[in-house]
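Q: Model the full assembly from the supplied sequences, consistent with the hints where possible.
Chains as they are written, first to last, in the numbering used here: chain A, 401 to 700; chain B, 10 to 327.
Hints should not be assumed to be uniformly reliable.
[What the hints assert, rightly or not] Below, a list of computed lysine to any residue pairs in the SDA-like style, where the Cα atoms sit at most 25 angstroms apart: (1) Lys619(A) - Leu253(B); (2) Lys529(A) - Gly312(B); (3) Lys529(A) - Glu597(A); (4) Lys531(A) - Ile269(B); (5) Lys87(B) - Tyr547(A); (6) Lys648(A) - Ser491(A); (7) Lys87(B) - Gly305(B); (8) Lys619(A) - Val138(B); (9) Lys244(B) - Ile440(A); (10) Lys320(B) - Phe535(A); (11) Lys531(A) - Leu44(B).
In case anyone wonders, no lab produced these hints; they're calculated from the structure.
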Amino acid sequence: MEATVKKPKKLKLKTARRDQYKRYTRSKAGNFFYTLFLLIMGLYSILPMFYTIITSFKPLDELLVFPPRFFVIRPTTSNYSVLPSLLDNLSVPLSKYIFNSLFVSIVTTILHVIVASMAAFVLSKTNIKFKGLIFAIVQFSLLYNAYTLEVPRYLIYSGLHMIDTYWIYILPNIPASMGVFLMKQFMDANVPDPLIEAARIDGASTVRTFWQIVMPVVKPAWLTLSLFEFVGMWTVTPTGTIFSENLKTLPYAASTIVAGGLTRQGAAMAVAVIMMIPPIIVYLVSQRSVTQTMSSSGIK
Amino acid sequence: MDATLKEPKKVKAPKKKRIRGIESKKSMYGRMFILPWCIGMLLFFIIPLFQSLIYSFSTVWVEPGLMETELSGLENYKFILNEDPNYTNNLWSAIQSFFRNMPIIIIVSLILAIVLNQKYPGRMIFRSVFFVPVIVATGVVMELLTKNLNGVDAIITLTTETENVYSEGTGGMDFTVVLQSLNFPEEITKTMSGLITNIFNTLWSCGIPIILFLAGLQTIPEQLYEASTVEGATKWEEFWYITLPMLSQTLLLVIIFTMIDLLTQNTNPVIQQAYTLMSAQSVYDQSAAMLWLFFGIIGLGVGIVIFLYTKILLKKWN
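A: Shown next, in the form of structure tokens:
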């Protein structure tokens with residue numbers, strides 16, 4: 401601890417320095433490299449996003465400068481205000497696409513998290529027969545890219561009369577196996593069996609055990625899962641299964657704008673920025689809880 | 010699968026009558042809980058999967074309104090392996106790039122997760138710096154970021170170039186030259202410089218592993234570290250004897266996730282080839298065979314990894 405008091409001034413975060421020093425290295429050099437590593441990686445990771453945001457505020461003449469400049473000199477919001485008019489020929493207002501995307505993403509995320517957690521609970525904490533087989537199917541199905549199933553799935557969609565409805569977005573994505581896999585792993589690791597036993601002895605029903613004991617304990621896991629699922633659904637673009645303009649989502653509208661070419665570059669960047677906002681909001685909401693410790697699991 | 014769902018009733022039934030009330034109620038709840046998922050899985054995964062497996066062993070042609078199939082044995086597989094000029098090359102390059110990226114992603118994301126897991130002011134901002142690009146850079150936005158706009162190279166390349174301009178201005182260095190001057194074998198030089206140019210993709214692939222590692226790290230009780238500090242363990246020992254063993258489940262999860270993520274991306278050459286064949290030329294049988302062979306290999310690989318991991322590493326750590 402004494403050593404932590406005197407620190408090189410080069411490092412950026414004063415307290416970060418102290419904690420890292422305390423926890424991970426006992427040398428100034430190690431400490432320095434940790435911070436440096438973090439800074440360089442962070443910079444590389446975030447740069448393209450900043451570039452997109454900055455570019456979305458560039459007026460046309462600055463967009464066409466070669467070599468491209470990183471910063472904007474005369475910022476303008478015209479790239480945003482021009483968006484609604486760009487979609488005029490599509491007969492549906494921009495807000496409808498945004499609504500569709502939000503609706504589909506939120507509904508699917510909620511349903512997927514509930515269905516996957518329930519299945520994971522059964523697989524993790526009960527002795528249902530064929531448990532092993534079902535979990536083997538879960539793991540096996542993780543391997544499959546959606547392309548493999550596209551054609552046979554289409555036949556099923558049309559058999560269920562799902563073509564050209566909201567269902568096409570929602571239903572096939574609910575039983576995705578990644579959720580079950582993730583939730584089961586976390587329940588195995590973080591929900592001790594004695595906790596379930598105790599709940600049963602106290603007379604809690606299975607439903608109540610699930611909702612009031614298991615789910616709060618694995619909250620970080622399902623919040624993370626909902627983040628993944630939301631992001632996945634937010635960018636979903638069905639091919640050949642949605643024909644009504646009314647039911648199409650924002651990524652579709654975005655790709656129409658992007659296809660506009662050279663002069664639409666600013667608008668394309670503006671749409672990209674709009675596309676970024678909801679995932680970031682979901683991220684902020686979910687990560688706030690994820691960072692809370694999972695130590696409240698009752699037994700430890 | 011139907012049988013799977015109904016079977017448990019039979020199992021519970023022969024039990025003695027007096028406990029049947031509670032037990033059967035419980036098992037009923039068990040089945041109710043897993044039922045929605047099973048139905049969905051059956052409809053949207055298992056049936057289509059078998060259908061496509063059948064396609065891969067058949068000749069498929071489309072008649073107006075329906076698809077005709079006729080079993081043809083291993084014909085499709087023989088064709089893609091022996092006669093298709095690109096398939097084996099694509100397969101090979103997919104596997105190579107997998108082996109190049111996998112270890113880097115796991116190691117980098119583990120280090121970043123450990124560093125990010127520290128308690129310091131502004132760590133939310135630091136974490137966000139790594140996650141936000143990952144969660145926003147999917148689908149259309151990713152396309153936009155990499156798309157060839159303005160007749161110039163992709164925006165990512167532009168940013169890299171601007172970066173390089175800055176670093177050259179401040180006496181920065183060209184990594185490839187540095188590596189070559191160090192007399193490493195050519196293969197390593199190539200891999201390293203490939204990694205540096207692909208740094209965005211690599212870093213973005215680290216996002217989800219970092220989240221998983223962080224969630225895992227948060228479950229390690231603080232007392233373990235306190236105890237080891239009292240015992241006089243070094244940080245290095247703490248990492249190998251506490252952090253890593255406690256993360257063993259998470260690590261397996263991350264390894265499997267990364268394998269699958271790397272190999273089933275839509276940009277994968279094998280998947281690209283099969284998809285083009287399927288969507289542009291409506292060749293459903295050969296494309297199904299291509300995908301099935303590829304996924305068979307991945308499945309085998311994942312199986313071997315899980316087996317080795319649970320048999321060797323987990324035993325050692327527990």
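Q: Evaluate each hint against the coordinates.
A: Against the structure, the hints come out as follows:
In summary, the hint linking Lys619(A) to Leu253(B) is supported, as the alpha carbons are separated by about 23 angstroms, within the 25 angstroms threshold. The straight-line distance between the Cα atoms of Lys529(A) and Gly312(B) is roughly 23 angstroms, inside the 25 angstroms bound, and the hint therefore holds. With a CA separation close to 20 angstroms, the supplied pair Lys529(A) and Glu597(A) stays within the 25 angstroms bound. At roughly 23 angstroms between alpha-carbon atoms, Lys531(A) and Ile269(B) fall within 25 angstroms of each other, so this suggested pair holds.
As the CA atoms of Lys87(B) and Tyr547(A) are separated by approximately 22 angstroms, the hinted pair is consistent with the 25 angstroms bound. Distance restraint check for Lys648(A) and Ser491(A): the Cα-Cα separation of roughly 12 angstroms lies within the 25 angstroms cut-off, and the hinted pair is therefore satisfied. For the hint pairing Lys87(B) with Gly305(B), the CA-to-CA distance comes to about 15 angstroms; that is within 25 angstroms, so the pair holds. Restraint check: the Cα-Cα separation between Lys619(A) and Val138(B) comes to about 23 angstroms, which is no more than 25 angstroms; the hinted pair holds.
The suggested pairing of Lys244(B) with Ile440(A) holds, with an alpha-carbon distance near 23 angstroms, which does not exceed 25 angstroms. Taking the CA atoms of Lys320(B) and Phe535(A), the gap is near 19 angstroms; set against the 25 angstroms cutoff, the hint holds. In summary, the hint linking Lys531(A) to Leu44(B) is supported, as the alpha carbons are separated by about 13 angstroms, within the 25 angstroms threshold.
The earlier numbered hints are all upheld by this structure, with none contradicted.
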